[in-house]
Amino acid sequence: MDYDFKKTNGGMKRRKAISKSAIYTILTILSICWILPLIWLILQSFGMEPDAPYQSTYGSPDILPSHYTVNWYVKLFTETEFPTWYLNTLIISLACMVLSTFFTLSMAYVMSRFRFKSRKTIQNIGLILGMFPGFMSMVAIYYIFKGIGLAGNVENWKQILALIMVYSGSAALGYYVSKGFFDTVSKSLDEAARIDGATNSQVFRKIMLPLSKPIIVYTALMSFTAPWGDFIFASFILKENSGAYTVAVGLYRWIAMAEIPAQWYNLFAAGAVCVAVPITILFLLLQRYFVEGITGGAVKG
Amino acid sequence: MASLSLKHIYKVYDNGANGVKAVNDFCMEIEDKEFIVFVGPSGCGKSTTLRMIAGLEEITAGELMIGDEVVNDVEPKERNIAMVFQNYALYPHMTVRENMAFALELSKKFTKEEINDRVNEAARILDIEQFLDRKPRALSGGQRQRVSLGRAIVRDPKVFLLDEPLSNLDAKLRAQMRTEISKLHNKLQTTFIYVTHDQVEAMTMGTRIVVMKLGVVQQIDTPKNLYKYPANKFVAGFIGTPQMNFFDATLKKTEGGKVEVTFANNRKILLDEDVVAKTDGKYLDGNTTVTLGVRPEDVHWDEKFVSEHKETAFTCRTSLIEALGSETIVYCELDEENDAIGDSSTRLTLKVDPKAEIDKNQDITVAIDPQCIHLFDNETEMTIMPRIPQYNLVKAKVKSGKVDLLGADIALPSAIDLPDGDYILNIPSDAFIFKGFETPLTSVEESHKLCSVEPVGEKYANKALKNLVKTYPCEQFEQYELQFNKAFDAEIESVEDIGKTRLLRLKVNKNKLFAIGNGVDNVKTLSVAVDWKKVTFTGEEKVTEAFALTNTLSARVVKEQTGKKKYNFALEVAGAEIYLTDYIATKIFNALGRKAFETELTVDFGIYDVMTADSGIEGVVEKILDYGTEKIAVVKAGEAQVNVYLGNSGVKQGDNVKLALNLPRLGVVETLRGIRII
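So the protein lines, in turn, are chains E and S. Following our numbering, the numbering of the first sequence begins with 1 at its first residue and continues without gaps. Following our numbering, the numbering of the second sequence begins with 1001 at its first residue and continues without gaps.
Be aware that one or more of the hints could be misleading.
[Unchecked claim] When the alpha-carbon atoms are kept at most 25 Å apart in a straight line, the in silico PhoX-like pairs for lysine-lysine are as follows:
1. S:K1135 - E:K187
2. S:K1158 - S:K1135
3. E:K117 - S:K1021
4. S:K1109 - S:K1213
5. S:K1021 - E:K206
6. S:K1077 - E:K187
7. S:K1108 - E:K206
8. S:K1112 - E:K206
9. S:K1253 - S:K1021
10. S:K1258 - S:K1510
11. S:K1510 - S:K1435
12. S:K1224 - S:K1135
13. E:K187 - S:K1021
14. E:K206 - S:K1258
15. S:K1595 - E:K120
16. S:K1135 - E:K213
17. S:K1510 - E:K206
[To be verified] Ranges of calculated distance between the beta carbons of each label pair, as one might list FRET restraints:
18. S:K1183 - E:R115: 32 to 42 Å
19. E:C33 - S:A1171: 57 to 67 Å
20. S:E1058 - E:N124: 24 to 34 Å
21. S:E1438 - E:R115: 53 to 63 Å
[Unchecked claim] Derived coverage of chain E by chain S (criterion: at least 3 residues anywhere in the stretch with Cβ under 8 Å from a Cβ of chain S; other residues may be distant):
22. 150 to 164
23. 187 to 196
In case anyone wonders, no lab produced these hints; they're calculated from the structure. Using N, Cα and C, we set each Cβ at its ideal position, and we do this for glycine too.
Let the sequences and hints guide you as you build the complete structure.
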């Protein structure tokens, strides 16, 4: 049979090229849509009107500011309550990161490794409860906290403590992803360790955790970012006590309460950029664990 | 370094009412320094048994002892065992050195130097010193398995458990590691238990092999004996490659001391009668179809052998030749008419010399080595050439209370009342008593040990229950007295020691009998008495049933509240409440938990483990059986019937008696699922 190699090959190449360009075009458009607000926000946080250092760029039609300044950042940290909020949020998020990770991983370990009565039931209840939005119980939680003196008209640290409890308390319900990961670690490792004389907690600490870095990092990041950006609970529990505000609540109040939006416009942008910084740093530091699987060589392979 | 004892071990997965028995009544005594191999197809329960020994699986019922300690409820780490897993189970985040030191570091009994020394020593033995600072992922499969062996060695365990350690390695490495593990066993002088599905590993490594199938032990024996004396068709087919040939055949005794074997296609071969000397006569009638097994290596093709064994020679047509290099395997069709390939009973496999010039579709004459055939019952698949024959079948005439047995005229004991006529007597090989070598009547040696260590505890019986029965010390049950009633004199023709059993071939007036004569030594002739209660008679008018040496009664656990959260427990057997010893109570509650009170139980005990006493199960003596050598009372206790050895007590028919049980030797079975608890 006669075969025109050039033609068939060329046809396939061309078709591939066309479909690839189509895909990349769509992806490019999507990424521009997604990244543009961010770039715009960063640019505005450095923007200023010509010859007027504290003049808001609000209402300016251009994306690119005509002049650049760090004044907004200086103002943010010297003239507003923002540093306090920032510190509050950092404390809450770090505390939650530690507590939630511990709760989640312990729960996942137990569900993955132990067989006990009503294990399935507890798993299902956990899964269903986890699907309900958390703010459903907001009112109840507020009154509970008020009852034990952690909400209402109380000191700042108590309110911060209350928030830590809210965020980390229900963390164990999110055990499912970690359980899935633990399930992939060979059970004979546990058994070997148990025969070697390890207790349950030793198996968890010395065998399971070192092998689970990716999922620990994932869980830690998730439990850091959740309180870091949460608005609903924080605003409801903190009410008008601006000394205990988290960044999300504080920044929102600026733009929501302001009579002249322009007054806070660039400050808000600068604050928002500051909020993004720690998450970015955390992610950059920990990302290699996401991709690095380290179970190689454990069992047959 | 320790012996192990597994007594009636069960693993039952609860799955509805009946439960799935993954391991069914596993009994075994493993001696110190033995290399035991569990072998069987997948799903036969071998790994489960190993994991129960390791403590990774709970034991449903039964008793596991390591050394002198019952370890059913002991944590794996306290059992002093080490385990090597099929997939190595090395800790991937630790170096080889850390992997091996892990157990020692956890135990906190060792200094850094000691740990280092031990790890280095183990690494030296296994030749992995140069890898000590590598992580497992940088090692090859064989090296990883060495590390996992090393991790076991450093702990200096009493027992090594190996769960298919070589099945992830390639064939060459497997053969190499096989010899290394054997060497290691020699060097360490420790008990090894090795699980595999590979019969080559089993045969080459084990001192004894346990063949399992569907949770049931098929045979426990040395590799040689497994190969030579398979207990059933499964073992015969499982051990040896290529598989043993099986054919349906009938056997018939012919004149001239030969046995004619007729195959399905009417081919015939002749065997010497000696070959089937231990086979039950009922299989030699020419009608009963049995399975004849012969290994490929016992079918010979060379002319010299064929000419010497013309009686077992026949022709067949080769259909496939597999030249393996060291040997050649020839597949033949026996039935030329039907070219049935799938049906193994018309195919014959044989091993021939690799130099042999043999072609496909060639008619060849082969001969079976008559000394190497195996015969199996077609239904039960059990061997009908047992090493220790269970019984002798003897024809005899009964006339006015006397039996004309083997040329001797013997008076039958009054317990055996038979009309005159011809009978076939089934005399078990253990139904003979020899003057001067009278052994204890029961063969339950193991429970004697139990008898002496059993504490009759106070734990569950601080206050007596209403009808509580007194307990009696073991010694009181053990006063057997035998009346030696000589039946005949016998000549010892040959003696064969099989395991711990001594099998005698007796010659009585030209008749031959098999008898178990443990302890019989240094004599040529014996004065023999017959234990008539074990003998059954089959006649035209009357067939006697085997006398029950073991009594079974249904029972249940009862409790009585004696105070706040305080209970006493007893075993209700035939209306009497029997004291529960710590041992029995613990066993029952461990196996059944709270269900113990609702569960139907069966207790069993031998006729020598029950006696008439001043308290106990109440009953009426229905009759007294006088067997000449001893007297047995048949007691009706409610619905149940209990056979009791009477000894010297003057109990008469119609008497009301109370029966006491020898508790340390009481067996308890969960009736519904058939699980033996004790």
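Tested hints:
| no. | hint | in the structure |
| --- | --- | --- |
| 1 | S:K1135 - E:K187 | holds, 19 Å |
| 2 | S:K1158 - S:K1135 | violated, 28 Å |
| 3 | E:K117 - S:K1021 | holds, 21 Å |
| 4 | S:K1109 - S:K1213 | violated, 42 Å |
| 5 | S:K1021 - E:K206 | violated, 36 Å |
| 6 | S:K1077 - E:K187 | holds, 17 Å |
| 7 | S:K1108 - E:K206 | holds, 15 Å |
| 8 | S:K1112 - E:K206 | holds, 19 Å |
| 9 | S:K1253 - S:K1021 | violated, 43 Å |
| 10 | S:K1258 - S:K1510 | holds, 18 Å |
| 11 | S:K1510 - S:K1435 | holds, 21 Å |
| 12 | S:K1224 - S:K1135 | violated, 42 Å |
| 13 | E:K187 - S:K1021 | holds, 23 Å |
| 14 | E:K206 - S:K1258 | violated, 72 Å |
| 15 | S:K1595 - E:K120 | holds, 24 Å |
| 16 | S:K1135 - E:K213 | holds, 17 Å |
| 17 | S:K1510 - E:K206 | violated, 76 Å |
| 18 | S:K1183 - E:R115: 32 to 42 Å | holds, 39 Å |
| 19 | E:C33 - S:A1171: 57 to 67 Å | holds, 59 Å |
| 20 | S:E1058 - E:N124: 24 to 34 Å | holds, 26 Å |
| 21 | S:E1438 - E:R115: 53 to 63 Å | holds, 55 Å |
| 22 | 150 to 164 | violated (count 0) |
| 23 | 187 to 196 | holds (count 8) |
Hint compliance for this structure: hints 2, 4, 5, 9, 12, 14, 17 and 22 are broken, all remaining hints hold.
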